[in-house]
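Peer 1: Those sequence lines, one after another, are chains A and B.
Reminder that position 156 of the first sequence reads as 155 in numbering that gives the first Met the number 0, one-by-one numbering, no gaps.
Reminder that position 411 of the second sequence reads as 410 in numbering that gives the first Met the number 0, one-by-one numbering, no gaps.
Be a bit skeptical, because a hint or two may be false.
What the hints assert, rightly or not - No more than 25 Å apart at the CA atoms, straight line, and that leaves these computed lysine to any residue pairs for SDA-like:
| no. | chain 1 | residue 1 | chain 2 | residue 2 |
| --- | --- | --- | --- | --- |
| 1 | B | K132 | B | I425 |
| 2 | B | K390 | A | M71 |
| 3 | A | K166 | B | V18 |
| 4 | B | K273 | A | A73 |
What the hints assert, rightly or not - Ranges of calculated distance between the beta carbons of each label pair, as one might list FRET restraints:
| no. | chain 1 | residue 1 | chain 2 | residue 2 | range |
| --- | --- | --- | --- | --- | --- |
| 5 | A | K166 | B | N200 | 40 to 48 Å |
| 6 | B | F37 | A | F9 | 33 to 41 Å |
| 7 | B | L393 | A | I79 | 20 to 28 Å |
| 8 | A | V128 | B | P128 | 38 to 46 Å |
| 9 | B | G417 | A | R5 | 38 to 46 Å |
| 10 | A | H124 | B | W39 | 29 to 37 Å |
| 11 | B | L301 | A | I121 | 50 to 58 Å |
It is worth saying that the hints were derived from the structure and are not from the lab.
By construction, the Cβ of each residue, glycine as well, lies at the ideal position given by its N, Cα and C atoms.
This is what each chain is made of:
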Amino acid sequence: MKILGRVLGFADRVSLWSGKVMAYGLFPLIAVLVYGVIRRYVFNSPVIWTHELSLFMFGGIGVLVGAALLQMGAHIKVDIVYNRLSLRGRVVVDAISDLLLLYFIVILLWQGAEFALYSIAITEHTGSVWGPVVYPFKTVIPIAAFLILLQGLAKFIRDLIFAIRGKALS
Amino acid sequence: MNIITLTIILFVALILGLVSGMPIAFALGGIAMVFTIFLWGPEGLFMSVTATYSNMSAFVLIAIPMFIFMGFVLEKSGVADALYTTIRLWAGRVNGGLAIGTVFICTIIAAMVGIIGAGIITAAIFALPPMLKHGYDKHLAYGAIMAGGCLGVLIPPSVQMVVYASIAEQSVGRMLLGGFFPGLVLSSLYMLYIGIRTALNPSLGPGLPPEERVSWPRKLAATKSLILPIAVVVSVLGSIFLGIATPTEAGAIGCVGVVICAAVHRRLSWRLLKEAAYGTAKIFGMVFWILIGAACFNQFYLAMGAASLVKGLLVGLEINPWIILIAMQVILILLGMIMEDLAIMVIAAPIFTPIVISLGFDPLWFGVIFVINMQIAMLTPPFGFANFYMKGLLPEENMAEFYRSTYPFVGLQIIGLGLCMAFPSIVLWLPNMMIR
């Protein structure tokens with residue numbers, strides 16, 4: 000049990016770390032957007048890469064913070080009924096609903112991996128003037144799904160142990 | 000299995016998934032994928048990736064983290080502090096002046112941020128202590144702060160408007176502008192209400208004693224605190240309205256604007272920026288994943304034909320369209336008591352929007368009305384988010400006191416909602432004036 004606790008703690012740290020790194024990504028995102036605006040409206044010489052680069056950063060941040068949010072329990076929920084259950088009742092419901100979460104995220108990991116691998120196989124470029132390769136951006140989807148899967152499994156194991164033993168894993 | 004049975008099972012599964020207290024994003028996505036595999040087999044599962052990728056590559060959605068970041072920086076930038084000092088000097092002697100001033104400042108802050116937190120938190124910190132010190136009725140003070148803060152949902156920039164526009168496939172720029180006058184209408188209603196109540200009963204909000212009144216030169220000197228915020232408001236709103244910049248670019252400019260405000264007030268620090276980034280990443284992630292879940296669910300909902308079934312049932316009833324519209328508002332108000340605004344939006348917007356369009360109403364107008372309604376949801380107990388913010392800031396106070404103070408303002412919001420329904424030009428005039 001002690002080793003298990005440590006493994007789960009590791010999953011928590013990975014999730015939180017990924018969330019923090021992504022939060023700092025907001026600064027370059029703002030910088031790229033502002034640079035694009037200044038070049039276009041102040042210097043009247045638009046640059047071709049700010050639009051797509053800001054999208055890559057935005058999309059990356061958006062999906063990759065998912066695992067950290069799951070760790071913090073910060074995803075939006077409807078808890079009007081849930082809050083009325085006993086503590087034991089809640090973990091039992093959690094352990095069941097975790098399965099639906101895992102089901103979705105496994106599908107996203109599997110389908111996302113195929114999506115990215117195809118893009119890598121054909122060295123896909125975007126259709127714009129800048130035309131960068133697009134597979135790093137697409138690969139973010141399976142990576143984000145993998146991180147959420149890791150955290151989701153940790154959550155499921157914790158909820159399951161709590162539901163069976165009646166007390167939380169220390 | 001026929002489509003009617005399937006639709007019923009889908010809605011039952013949706014309700015079970017929601018009340019289970021699991022993250023809504025994964026409930027929506029998971030349910031959609033369970034049904035997909037039964038109906039269409041593994042080939043349909045690719046929908047989960049298209050739902051994710053389409054949100055990742057939507058340029059307009061970048062406005063969301065920008066609008067949130069503006070709120071977090073503004074909250075600690077010292078701008079609100081200076082604004083409230085100014086209003087205390089100007090409005091102190093008038094009965095109810097501090098509460099009216101609070102709504103006024105909240106309106107300006109609402110035009111600088113896209114979330115409600117910043118308005119409520121700054122008002123509770125800077126406007127509440129002077130109001131209580133001068134003997135204002137606490138319910139009037141709480142209500143003014145909460146209702147004022149919620150204006151952030153309507154007055155652009157607004158995260159809710161962007162989210163709705165994304166789900167219901169409306170123009171983000173036009174939605175944002177559509178919220179402007181409804182926001183001002185509500186703000187005026189609040190100020191009028193406070194003014195009338197304190198005129199009838201000055202003990203609710205007495206004017207300041209003569210020794211606290213100040214001379215004109217000091218009033219004018221303090222007014223310079225308005226310059227920076229108004230510059231930010233004008234640059235953000237103006238660039239959207241004039242079509243100079245997209246809402247996303249305007250949001251990025253706004254971010255730089257509020258950071259400059261913080262620097263001018265000597266509050267800018269690495270810690271402020273770091274905390275703003277963490278806070279933004281968290282709220283943005285919540286919104287982003289819920290959009291992914293909603294996109295999965297909506298793709299399925301449309302593809303299986305449930306959308307046209309529900310639409311056909313309602314339209315086939317040949318009820319007066321206005322009755323359906325009013326019934327929708329009642330449903331939204333009821334949902335608003337028990338659910339968060341974003342959750343209601345992702346579930347109800349895709350169901351309602353096709354119905355509204357086939358009834359012949361303007362979808363943009365309906366979208367803005369919908370968001371006005373979501374703004375009511377933030378006040379209505381027990382699950383009104385504004386109340387939670389207040390409780391977090393004033394942990395000693397009883398939750399019931401906050402609930403009680405929202406009632407008159409909820410009434411005013413419903414009046415405002417009715418006005419925007421009866422006179423659509425309040426909503427549509429500005430977006431129709433928009434250049435480009």
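Peer 1: The structure should be examined with respect to each hint, and the outcome stated for every one.
Peer 2: Here is how each hint holds up against the structure:
About 38 Å separates the Cα atoms of K132/B and I425/B, which puts this hinted pair outside 25 Å; it is violated. For the proposed pair K390/B and M71/A, the alpha carbon gap of about 21 Å is at most 25 Å, so the pair holds. Among the hinted pairs, K166/A with V18/B is consistent with the structure: their alpha-carbon atoms are about 23 Å apart, no more than 25 Å. For the hint linking K273/B to A73/A, the alpha-carbon distance of about 19 Å falls within 25 Å, and the restraint holds.
Between K166/A and N200/B the Cβ separation comes to about 56 Å, which falls outside the hinted range of 40 to 48 Å. Taking 33 to 41 Å as the suggested C-beta distance range, the pair F37/B and F9/A conforms, at roughly 36 Å. About 23 Å separates the C-beta atoms of L393/B and I79/A, a value consistent with the hinted range of 20 to 28 Å. For the pair V128/A and P128/B, the supplied restraint of 38 to 46 Å is violated, since their beta-carbon distance comes to about 56 Å.
Checked against the hint of 38 to 46 Å, the C-beta distance between G417/B and R5/A comes to roughly 59 Å, which is inconsistent with it. Under the hint 29 to 37 Å, the C-beta atoms of H124/A and W39/B, about 31 Å apart, fit the expected range. For the hinted restraint 50 to 58 Å between L301/B and I121/A, the CB-CB distance of approximately 30 Å leaves it violated.
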